[in-house]
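The listed protein sequences correspond, in order, to chains A and B.
If you use this note's numbering, the first sequence corresponds to residues 1 to 198, in order.
If you use this note's numbering, the second sequence corresponds to residues 199 to 391, in order.
Don't take every hint at face value.
[Claimed, not checked] Cross-link-like lysine to any residue pairs, in silico, SDA-like; alpha carbons within 20 Å at most:
1) Lys368(B) <-> Val379(B)
2) Lys71(A) <-> Glu117(A)
3) Lys38(A) <-> Trp334(B)
4) Lys177(A) <-> Ile206(B)
5) Lys202(B) <-> Ala179(A)
6) Lys365(B) <-> Leu168(A)
7) Lys177(A) <-> Ala188(A)
8) Lys83(A) <-> Asp59(A)
9) Lys48(A) <-> Arg120(A)
10) Lys38(A) <-> Arg287(B)
11) Lys38(A) <-> Leu274(B)
Source of the hints: derived by calculation from the structure; they are not laboratory data.
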Amino acid sequence: MNLMRALIQQVHIYLSLLSFSSLCVFGVIGVYATMAPKWEERAQPAAKRWDVPFVAPKDLDDAALGEKIRKEFAPALANPIAKQFLRHTADGKLLLDFYQVNGLTRVVVHDDKLSFEESRIDVLEFLNRIHATTTRNPSPDWRVRAWVWYNELAVWSLLGMALTGILLWWTLRLTHKGALVAAVLGTAAFLAIYWRLQ
Amino acid sequence: MKRKLYPILRDVHLTAGLFSMLFVVMYGWSSLQFAHPTWADTKPVSVEWKTQLAAGLAPRDAALALRTGLQLQGDLAQIRQKDGVTQFRLVKPGVVHDVRYEEATGAAQLKTNRWGFAGMMNRLHTAAGLWHEDSWVNVYGWLVGIVSFGLLLLGGTGLYLWFVRKKERKLGIVMLAISLVWGLGTMVAMRVA
Chain A
1 MNLMRALIQQ
11 VHIYLSLLSF
21 SSLCVFGVIG
31 VYATMAPKWE
41 ERAQPAAKRW
51 DVPFVAPKDL
61 DDAALGEKIR
71 KEFAPALANP
81 IAKQFLRHTA
91 DGKLLLDFYQ
101 VNGLTRVVVH
111 DDKLSFEESR
121 IDVLEFLNRI
131 HATTTRNPSP
141 DWRVRAWVWY
151 NELAVWSLLG
161 MALTGILLWW
171 TLRLTHKGAL
181 VAAVLGTAAF
191 LAIYWRLQ
Chain B
199 MKRKLYPILR
209 DVHLTAGLFS
219 MLFVVMYGWS
229 SLQFAHPTWA
239 DTKPVSVEWK
249 TQLAAGLAPR
259 DAALALRTGL
269 QLQGDLAQIR
279 QKDGVTQFRL
289 VKPGVVHDVR
299 YEEATGAAQL
309 KTNRWGFAGM
319 MNRLHTAAGL
329 WHEDSWVNVY
339 GWLVGIVSFG
349 LLLLGGTGLY
359 LWFVRKKERK
369 LGIVMLAISL
379 VWGLGTMVAM
389 RVA
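Construct all of the structure, not just a fragment, from the sequences and the given hints.
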C-alpha cells in the first residue's frame, strides 16, 4: 500500500511539472475571463495598414491566389484559407482574412497592389487564443503544431493530476477537516451550478 | 522556516485542489471533447414551439414577458430586427432559446436547444465573466475566478512542495525543463512570429 501511495505521489508530481506551463496559462486565462468585459465591449487593437506592389498572375483562381499570398506575404502562423471563407469586397476585389493566434491580417487584392490591415491582439487575448488551440486546429507551422501537442499532453496531465490528487487525499489525508470541508464545498458549488444552469 | 512552511503550504495545496477538483475535471474533460469532437455527442436536443405575447413589444420587453410569463432564463443576446420581426436569444450555459417574435401580432416562435451532460461540460467550459443578467451565471463566473486563482495557487505551492522533496528533484527538474522549453518556449516562439 505504501509503495502504491508513493507511486501515485510520484505520478502526481511529475504530471504536474510536465503540465506546469499550461497550468499557469489556464489559471491566468481563467482570472482574465472572469474580469474581462463582454466581448463586444473589449477594446479592439489598433490596426496597422500598408500596401505592397503586386500583380496577380492571371492563371490562378481565388483559392490558389490566396495560398500564394499567404505563403509570400502573410504572417508565419497564418493558416490557409478554406474556399468557403474566400470573400470579395463590395467592388469585387478578393478579400483574404488570415486568422492566427496573434490576431488578424486582412488583405485586399487590387489590380496593382495588396492592401494589408493587421490587428495584433494583446498578450492576455493571445493566451486566451492559444489555450483553445488544440489538435483540432491543424496548422502548417511547426510552432503551432508543437504547441497543440503540448496542450494535448497538458490536458491529459491535468486530468491525471486531478485524479491522482484525489487518490492521495483519499488514501492519506481523508480525515483532514479543512480538506473535507473544501471538498464538500467545491462539490456542492459545482453540483448546484450544474443543476441551476442546465 | 522550512519546517513551518511545508505543512502550511501542503494544507493550502490540498484545500485548493479539493475545492477545485470537479471544476478541473470538467475543464479537462471538455478540453478533450473540444480537441476530439467525435469522441462524444455534444449536440443539443432542439424543440420548436409557439407562444403568444402582447403585440408591439421592444426586444427587452418581449424577453421580460418570456422570463416572467414562462419562467424562461438566460441573458438576452443577438438581437436583430427586420421587417417587423424581432429575433433574439435567451442564453444560459445549458439552454438556449432562439426567439422569433412578430411585432404586429405578438406571435412568438421558439426553438429551445438543451444540452446533455457532455454538451453541458463544453458549455460550462466557455462560460465566464461577471457581466451576465442571470445572477447564477455571475455566481458561476466568480467560481471560475476562484478556481483559476486556485490553479495558480496549486502551481506555486506544488512547485515548493516538490522542490523540498529530494527524492523526486532530479527527474522533476527534467519534467519542468520539458514543460518550460516545450510549453513556454513554443508560446514565446508563437508570440514573436
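Subject >> Violated hints, by number in ascending order, as checked against the structure >> reply: none
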